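Participant: Between the sequences and the hints, there should be enough to build the whole structure, so can you do that?
Number of protein chains: 2
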Amino acid sequence: MKQSLGAKTILCPLPVLVVGSYDESGRPNVMTISWGGICCSDPPCAAVSVRKNRYSYGGIVKNEAFTVNVPSAAQVRQADYVGTYSGRDEDKFAAMDLTAVRSDLVNAPYVDEFPLVLECALRHTIEIGVHTQFIGEIMDVKIEADVLDENGRLDVAKLQPFIYAAGEGGYWAVGGSIGRSYAVGKK
Amino acid sequence: MKQSLGAKTILCPLPVLVVGSYDESGRPNVMTISWGGICCSDPPCAAVSVRKNRYSYGGIVKNEAFTVNVPSAAQVRQADYVGTYSGRDEDKFAAMDLTAVRSDLVNAPYVDEFPLVLECALRHTIEIGVHTQFIGEIMDVKIEADVLDENGRLDVAKLQPFIYAAGEGGYWAVGGSIGRSYAVGKK
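The listed protein sequences derive, respectively, from chains U and Z. The first sequence lines up with residues 678 to 864 when you count with the working numbering. The second sequence lines up with residues 678 to 864 when you count with the working numbering.
Read the hints as simulated data drawn from the structure, not as lab findings. Wrong hints could be hidden among the right ones.
With a Cα cut of at most 27 Å, we get these calculated DSS-like pairs of lysine-lysine [said to hold, decoys possible]:
#	chain 1	residue 1	chain 2	residue 2
1	U	K863	Z	K685
2	Z	K685	U	K739
3	Z	K739	U	K685
Computed from a predicted model, the values in this text were never measured in an experiment.
Facilitator: Below you can see the structure in the form of structure tokens.
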């Protein structure tokens with residue numbers, strides 16, 4: 678029997694995405710979001726939702742670019758920190774001993790220590806409500822060699838990503854494989 | 678050292694969302710997507726991306742509504758099945774022994790067997806490329822009582838959700854808790 682929880686943003690699992698951008702004076706900044714993901718296959722696009730009052734907002738608008746960085750479970754403290762404090766008040770890269778690398782493809786920095794990075798060029802800006810959704814075309818995906826399998830593909834067990842449970846407030850590890858897409862449900 | 682994988686939709690973790698809608702003649706249909714999630718806190722909104730050639734597309738446009746249903750790991754076979762086959766060819770509810778329940782709030786069905794449901798009224802339709810993004814306002818969240826904790830909140834360990842790894846193609850269970858948001862990264 679289902680019961681109502683009201684009109685709320687309760688959804689699980691959601692990704693934990695660290696969004697990299699230059700601010701309006703060119704300094705690198707990062708913030709963590711869970712309102713985002715992939716939104717189109719061709720052109721390949723990622724979406725990230727940011728509130729207008731967030732420090733990252735102005736830089737993404739000005740530079741028309743952002744990166745999406747995926748931390749490993751061992752980096753949960755850094756990810757939560759950069760989602761808690763503002764780049765207005767401090768250099769979050771310095772505070773968390775993270776390294777900003779200038780993308781060759783878009784005007785945004787990525788986080789060297791995080792294993793998976795998407796470099797995105799801003800294509801659409803959607804005003805929804807308190808959040809603005811930025812849709813960026815993925816110009817390249819960069820990945821650490823040590824999270825690839827022997828065929829050069831992403832190895833989830835090596836990446837050790839983690840999820841956010843919206844409405845519950847926790848971060849949870851990703852566990853074991855339970856099947857392949859277009860396979861486990863085949864007739 | 679990072680290496681390039683090219684301009685591709687490689688991202689992990691992503692949710693596995695079963696989207697419910699009525700087709701243009703009023704029959705319930707479901708499809709599974711991973712290009713979606715939460716995109717705004719106020720009004721609370723969810724986004725789902727659907728290709729124009731998918732059977733669900735016309736029904737969502739006509740009825741201006743959809744539901745987002747979250748299956749548990751034990752339901753991975755059903756979720757993959759409804760993401761593999763088309764409602765043009767068969768009644769996927771019947772094929773998977775799933776029950777369509779008419780939402781009281783929006784003109785879309787939800788899946789009775791799946792533990793977490795968002796009922797969404799279509800608010801924005803964004804043409805991105807091969808995918809159209811539907812943004813719906815969450816009118817209510819419905820949840821099975823047996824995935825709530827003693828305080829009436831979502832219990833992730835009971836929900837047992839699972840993720841999709843885009844670019845790798847696998848479904849993976851959600852494991853143990855690794856911290857609380859706005860807590861594990863506090864100064």
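Participant: Would the pair K863 of chain U and K685 of chain Z pass a check requiring their Cα atoms to be no farther apart than 27 Å?
Facilitator: holds (25 Å)
Participant: Between K685 of chain Z and K739 of chain U, does the CA-CA distance stay at or below 27 Å?
Facilitator: holds (25 Å)
Participant: Between K739 of chain Z and K685 of chain U, is the straight-line Cα distance small enough, at 27 Å or below?
Facilitator: holds (25 Å)
Of the numbered hints listed earlier, not one is contradicted by the structure.
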